[in-house]
Amino acid sequence: MKNSNLFLISAPSGTGKSTLINSVLDRAHKSKFPLELSISYTTRKPRVGETDSDHYFFISPEEFARKKESSFFLEHAEVHGNWYGTSIEFVQSKLANGISLILEIDVQGYRQINSLSLAYESIFILPPSIQALEERIKKRGDNDLASINLRLENAKKELICASEYANMIINDSFKDAADTLYQIITQEKAIIEPNDKELEQFLAKLLSS
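If you're matching positions, the sequence shown starts at 84 in my numbering and goes up one per residue.
It is worth saying that the hints were derived from the structure and are not from the lab.
Backbone N, C-alpha and C define an ideal beta-carbon position, used for all residues, glycine too.
Please note that a few of the clues may not be correct.
What follows is a set of in silico ranges between Cβ atoms, one per label pair, in the way DEER data are often shown [as the list claims (entries may be wrong)]:
| # | residue 1 | residue 2 | range |
| --- | --- | --- | --- |
| 1 | K280 | S176 | 26 to 32 angstroms |
| 2 | P211 | Q270 | 34 to 40 angstroms |
| 3 | L201 | G164 | 35 to 41 angstroms |
| 4 | P117 | E152 | 32 to 38 angstroms |
| 5 | K240 | A148 | 25 to 31 angstroms |
| 6 | G164 | N105 | 23 to 29 angstroms |
| 7 | P117 | A215 | 30 to 36 angstroms |
| 8 | D109 | P211 | 21 to 27 angstroms |
| 9 | N232 | G181 | 44 to 50 angstroms |
| 10 | S291 | S87 | 36 to 42 angstroms |
| 11 | L290 | E152 | 33 to 39 angstroms |
| 12 | E172 | A287 | 38 to 44 angstroms |
| 13 | N232 | K128 | 40 to 46 angstroms |
| 14 | E119 | V162 | 18 to 24 angstroms |
Cut-off 27 angstroms, straight-line C-alpha distance, at most; resulting in silico cross-link-like pairs (DSSO-like, lysine-lysine) [as the list claims (entries may be wrong)]:
| # | residue 1 | residue 2 |
| --- | --- | --- |
| 15 | K280 | K239 |
| 16 | K288 | K239 |
| 17 | K128 | K221 |
Make the full structure from the sequences, and use the hints.
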């Protein structure tokens, strides 16, 4: 049985995180590498095409509060008025069965897990530039200037935290970013390109733009 690992992946909205993760999951499935995406609990309503236990575990705010009080969650966070959380039992069960797990979480969730004595690999996805991030947000159909500016401000707040993560990947070339993410996960080590100093310089330039 392969050693299972936990991977915490964060990125601002519009960076392409979900697309990268789905690409890596598909590639892992084809190569028979045991890798899954963790399924979160949420209080928000299902969207069109979403099914319970497949995309999320949909529960009421009251049930979420009870689970939260009973220390059911490994991490939890309120996002845009809805609660999201990761079950400790779900994660432990997958890892115990030799399945590596990706947690697609925000900085709040990452910091909660970071405070625990838990082995994991952390990865932050960076946009190639703030301008590119703005264009990606617009392509998602959000053309309201106030909304775009709010998303960009939130993105900058998250980018400030990027250096807390062990690995940073610039999603400029999708193929290169997907390859790097796949290598980090399957080889259980960081494949940093460019190097740490160059990434820190890139992040500083990104935040100053």
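Okay, the hints, checked on the actual structure:
1. K280 / S176: 26 to 32 angstroms: violated, 40 angstroms
2. P211 / Q270: 34 to 40 angstroms: violated, 24 angstroms
3. L201 / G164: 35 to 41 angstroms: violated, 28 angstroms
4. P117 / E152: 32 to 38 angstroms: With a Cβ separation near 33 angstroms, P117 and E152 satisfy 32 to 38 angstroms, so the hint holds.
5. K240 / A148: 25 to 31 angstroms: Since K240 and A148 have Cβ atoms about 27 angstroms apart, the given range 25 to 31 angstroms holds.
6. G164 / N105: 23 to 29 angstroms: Since the Cβ atoms of G164 and N105 sit about 26 angstroms apart, the hinted range of 23 to 29 angstroms holds.
7. P117 / A215: 30 to 36 angstroms: This hint holds: roughly 34 angstroms between Cβ atoms.
8. D109 / P211: 21 to 27 angstroms: holds, 23 angstroms
9. N232 / G181: 44 to 50 angstroms: holds, 45 angstroms
10. S291 / S87: 36 to 42 angstroms: holds, 40 angstroms
11. L290 / E152: 33 to 39 angstroms: Hint holds: Cβ distance 38 angstroms, inside 33 to 39 angstroms.
12. E172 / A287: 38 to 44 angstroms: Taking Cβ atoms as reference, E172 and A287 lie about 40 angstroms apart, which means the hint holds.
13. N232 / K128: 40 to 46 angstroms: violated, 27 angstroms
14. E119 / V162: 18 to 24 angstroms: Taking Cβ atoms as reference, E119 and V162 lie about 22 angstroms apart, which means the hint holds.
15. K280 / K239: holds, 20 angstroms
16. K288 / K239: Distance ~12 angstroms between K288 and K239 Cα, so the pair holds.
17. K128 / K221: Judged against 27 angstroms, a Cα distance of about 25 angstroms means the pair holds.
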